[in-house]
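*Asks:* Letter by letter, the chains look like this.
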Amino acid sequence: MSGPKISIETPQENQIFEITYDGREIPQPPLSMSENLARLAAKIDWSRSDGEEDGDEAAPSSAEGDGDADSQVTTFQQPTWPWESVRNKIRDAYTEVCVLSDVLSIARHKRYMVLDGVTQDAPEPKQIIQVISKKKGLAAAAQILSEGAERMRENLAEQRRNRNNNDFYTELLRLRQKWRLRKVGNNIIGDLSYKQVGSRFWLSGTFEVKKAEENAPALPPPAPGLPPVPPSPIIVTVPSELQGAAFIYVTIRKDQETLCSARLTHPGSTPLPVPQSQHWSDRLDAAQNVLFCKELIAQLAREAVQLQPRLPHMVIGNEITSTIFPGIHLVMGLAHSARPERRPAAAPLPPVPAGPLGDNNYVLEHSLHQLLRHMHHRNMHHAMPHPASAPMGMSKRRRQAGPGAASRGQLLKMVESETLLESIIRQARHVVLRMRTAFAIDSCAREIKDPLIVTHWNSVNSPTQSCCKVNIMTHGYDSVHRTTFLINVLEDSLRCVCRDGRVMTVSYETSELHYIILCQVSQHNLLAAQSLGRIMGWTVKSSSSGQGGGGGGGGSDSSQTAQSGGGAASSSCVLSAPGGHCYVAVRCQPHGEPVAVSVAQSPKRDFFPTALVTEHKWEHLGGAFRQIKWEKMEGRNFLNKMELLMANLSSGTGNIM
Amino acid sequence: MIIMGFSTLQTFPLIEGLTGPQTLDVLHKRITALGARVSGQFVVDCETYFSAPSLLPGNSQRVLNVLHNTEEPASVFAILEGGAKQPVLVADTLLDALLPKMAVLYTSNKKQTRIESKGNRYEMGDFVVKLGSVTMSGSFKGILVEVCYLACVVPALCWEMVWEFMQSFLGSTVPSTLPPYIQSRQNATFSPTDTIQMYLEKFNEFRKQTVAR
Chain R
1 MSGPKISIET
11 PQENQIFEIT
21 YDGREIPQPP
31 LSMSENLARL
41 AAKIDWSRSD
51 GEEDGDEAAP
61 SSAEGDGDAD
71 SQVTTFQQPT
81 WPWESVRNKI
91 RDAYTEVCVL
101 SDVLSIARHK
111 RYMVLDGVTQ
121 DAPEPKQIIQ
131 VISKKKGLAA
141 AAQILSEGAE
151 RMRENLAEQR
161 RNRNNNDFYT
171 ELLRLRQKWR
181 LRKVGNNIIG
191 DLSYKQVGSR
201 FWLSGTFEVK
211 KAEENAPALP
221 PPAPGLPPVP
231 PSPIIVTVPS
241 ELQGAAFIYV
251 TIRKDQETLC
261 SARLTHPGST
271 PLPVPQSQHW
281 SDRLDAAQNV
291 LFCKELIAQL
301 AREAVQLQPR
311 LPHMVIGNEI
321 TSTIFPGIHL
331 VMGLAHSARP
341 ERRPAAAPLP
351 PVPAGPLGDN
361 NYVLEHSLHQ
371 LLRHMHHRNM
381 HHAMPHPASA
391 PMGMSKRRRQ
401 AGPGAASRGQ
411 LLKMVESETL
421 LESIIRQARH
431 VVLRMRTAFA
441 IDSCAREIKD
451 PLIVTHWNSV
461 NSPTQSCCKV
471 NIMTHGYDSV
481 HRTTFLINVL
491 EDSLRCVCRD
501 GRVMTVSYET
511 SELHYIILCQ
521 VSQHNLLAAQ
531 SLGRIMGWTV
541 KSSSSGQGGG
551 GGGGGSDSSQ
561 TAQSGGGAAS
571 SSCVLSAPGG
581 HCYVAVRCQP
591 HGEPVAVSVA
601 QSPKRDFFPT
611 ALVTEHKWEH
621 LGGAFRQIKW
631 EKMEGRNFLN
641 KMELLMANLS
651 SGTGNIM
Chain H
1 MIIMGFSTLQ
11 TFPLIEGLTG
21 PQTLDVLHKR
31 ITALGARVSG
41 QFVVDCETYF
51 SAPSLLPGNS
61 QRVLNVLHNT
71 EEPASVFAIL
81 EGGAKQPVLV
91 ADTLLDALLP
101 KMAVLYTSNK
111 KQTRIESKGN
121 RYEMGDFVVK
131 LGSVTMSGSF
141 KGILVEVCYL
151 ACVVPALCWE
161 MVWEFMQSFL
171 GSTVPSTLPP
181 YIQSRQNATF
191 SPTDTIQMYL
201 EKFNEFRKQT
211 VAR
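Listed in order, the protein sequences are those of chains R and H.
Using the working numbering, read the first sequence as starting at 1 and increasing by one per residue.
Using the working numbering, read the second sequence as starting at 1 and increasing by one per residue.
Please note: incorrect hints may appear among the correct ones.
[Unchecked claim] EDC-like, lysine to aspartate or glutamate: derived pairs with alpha carbons at most 20 Å apart: (1) R:K413 <-> H:E123; (2) H:K118 <-> H:D25; (3) R:K178 <-> R:D191; (4) R:K43 <-> R:E18; (5) H:K208 <-> H:E81; (6) R:K413 <-> H:D126.
Read the hints as simulated data drawn from the structure, not as lab findings.
Predicted, not measured: the structure shown is a model, and the values here were computed from it.
Make a model of the complete structure from these sequences and hints.
*Replies:* Here it is, written out as structure tokens:
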């Protein structure tokens with residue numbers, strides 16, 4: 001719709017009279033009023049006669065007649081002046097306008113004349129016709145509406161009837177809305193397996209639908225107090241191996257005690273035993289759940305037997321036990337209550353621990369569920385393209401392997417994929433490691449009160465990796481210095497990343513993490529003391545920081561290395577007072593004596609002239625370092641004590657003897 | 001994408017007085033004495049197709065060689081000879097299924113049948129040695145030794161070391177200069193297609209050898 005832009009401007013009002021040689025345009029001066037009037041008057045055709053306003057038919061004849069009369073008149077009169085007719089016409093026009101203005105003023109007065117509209121005859125017959133037509137229209141609309149309302153009312157009535165109606169066909173309709181049925185011969189067979197979505201389990205989940213006999217006994221009430229439910233007209237027969245209820249339990253056991261457990265159930269079904277004669281929808285749901293659990297446990301058992309890890313998994317009946325850490329086992333099993341009447345006498349189900357560990361359930365439970373469904377999905381959905389004359393379902397990398405001349409090793413790597421059991425073991429390991437790490441850090445924080453240890457765990461994690469940030473700071477001095485480091489919890493190792501760029505990888509033993517935290521604490525103390533000294537005007541004369549991370553860079557070596565490297569992890573510094581007369585030496589170490597502070601003062605207090613050193617000026621050489629009894633020092637915590645000590649010494653009059 | 005390493009190929013002359021398999025035995029003993037271990041079998045084979053006269057008017061005939069190598073089990077190599085250039089095609093194994101459909105254009109001649117090099121594959125650290133006996137329609141033709149060094153892809157940088165290694169079990173039959181095919185490419189990255197082209201050269205030599213006899 002956008003076209004070229006057109007600008008509109010009014011042309012110049014006055015015509016250009018002349019353009020001088022230097023470009024100046026001389027417009028015609030605008031006409032004065034008399035000249036304007038003369039111009040307009042020149043436009044009027046004065047040769048027309050007065051008889052024009054009588055109408056068109058009369059016009060030509062009257063024009064002729066008038067023209068004759070006019071010409072007669074004009075021959076008589078011989079007007080002296082050509083404006084005679086003009087003046088006459090103008091005078092006539094003036095008379096008319098005066099009459100009109102008089103009439104208008106009289107009409108406005110409303111005493112002698114009133115302007116009234118022209119009344120029309122009331123079209124009576126027309127009104128009747130209109131009313132009749134309107135009535136017909138409304139009647140037709142009302143007819144349509146009432147037909148529709150009637151239909152809806154009938155529908156509603158039928159539905160209400162049908163709800164209470166329990167006949168076979170309505171029940172069958174409701175069944176068909178939820179479950180897949182087909183007719184085989186004379187029987188109606190249904191399918192409750194997951195075959196349609198990719199499951200390859202050998203157990204078939206077919207159920208049969210039959211019409212119930214008349215006079216069937218009423219169902220027992222679902223809960224006491226409610227009236228008994230009328231019998232259902234259809235009977236659903238579920239295969240015997242899928243009857244009852246089942247669930248998968250996932251437990252992490254440390255020797256005998258349970259660390260955390262999960263129970264896998266189908267959402268919406270209760271873990272309580274299902275009575276034999278319950279409504280068909282509940283029975284079918286329970287049967288499908290049993291099938292899913294059986295498939296899951298069969299898949300896990302098959303993988304447990306096929307895989308060959310260092311410590312083999314044990315498969316006993318319906319239970320699989322695998323070792324995730326030395327002394328810690330992951331137990332997964334199927335609990336199936338097939339015959340609910342005999343349940344109290346059957347094998348007892350494992351206890352579910354209540355309490356704070358109960359919230360670990362959902363992660364492992366959901367993971368198992370999801371892993372099996374992923375497997376189903378992979379069976380069904382292959383990667384695009386789907387060629388007609390080549391194998392389907394290869395990933396892009398595998399398709400490129402041919403033209404890309406991939407070697408055998410590379411092809412082998414492409415084929416490897418993780419099994420269900422391996423995935424769940426990895427996740428279980430991570431869960432255990434995370435709990436242990438949290439416990440270790442919390443116990444450190446409880447023990448060590450002097451610098452405070454604050455941890456923040458990331459809320460967004462993956463099933464095999466979590467992250468936690470540890471802040472170490474001293475109460476009251478958090479702006480002086482703060483040590484932070486990051487702990488990445490992986491499946492079977494921890495990775496600590498410090499602010500100075502060191503990355504330490506540590507195995508799952510908690511003693512190593514404990515040691516790292518102690519080293520960080522001692523390093524924090526020292527660095528905080530240095531920062532505090534700087535703030536107070538003291539100079540750092542020398543500082544040597546130990547590794548702060550354990551001897552030899554951590555690693556999967558056990559605590560032996562950690563202990564042997566204890567000496568190397570101590571750090572120390574020497575601060576000198578602003579006046580230069582005092583030195584304070586601080587040493588922090590993770591093990592043994594956590595803090596050792598010594599002070600040396602410049603004019604020696606204990607200088608006595610001896611035979612060799614006679615003059616007094618030698619007392620300014622500075623005394624020896626003397627250790628302070630740190631427990632007797634005043635102050636809330638280490639930094640507070642340091643602050644008081646330095647304040648005392650720098651004032652110069654401090655007497656620490 | 002593929003980093004395969006550098007391979008060099010060499011014909012090993014039969015030892016005086018010993019048959020082919022016996023020579024191979026001697027080599028096997030030598031290399032296992034050095035510390036290599038057998039890690040399976042390998043086969044490199046070549047089939048030849050000739051273009052139909054209707055495809056190319058005149059006397060020029062093009063030869064299509066289709067090679068397989070168990071080192072790259074998902075691939076099929078095809079080299080077209082006869083023109084100015086020798087293009088090498090690396091394809092998926094479906095190419096084998098495609099060729100019979102092109103029998104009108106490229107027929108497999110019964111004269112020049114399939115030739116293959118088959119034998120043991122030895123691994124020793126970063127080296128892979130393949131001792132193959134070359135057979136054409138069942139009759140033994142000679143011994144081909146292929147030595148791969150997996151850690152390097154530029155021939156010029158590692159030729160000396162590979163040559164020393166080969167000398168240690170092949171003796172003085174090893175020439176000290178690079179094979180002619182690699183000489184022009186000694187500073188470029190080595191790829192599996194280069195190995196296959198060297199194999200084709202050797203196979204053609206073996207074929208000519210029969211004709212000469």
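*Asks:* Give a verdict on every hint.
*Replies:* Going down the list of hints, with the structure as the test:
1. R:K413 <-> H:E123: Roughly 19 Å between the alpha carbons, so the hint for K413 of chain R and E123 of chain H holds.
2. H:K118 <-> H:D25: holds, 14 Å
3. R:K178 <-> R:D191: holds, 11 Å
4. R:K43 <-> R:E18: violated, 26 Å
5. H:K208 <-> H:E81: With Cα atoms ~16 Å apart, K208 of chain H and E81 of chain H stay inside 20 Å; holds.
6. R:K413 <-> H:D126: holds, 19 Å
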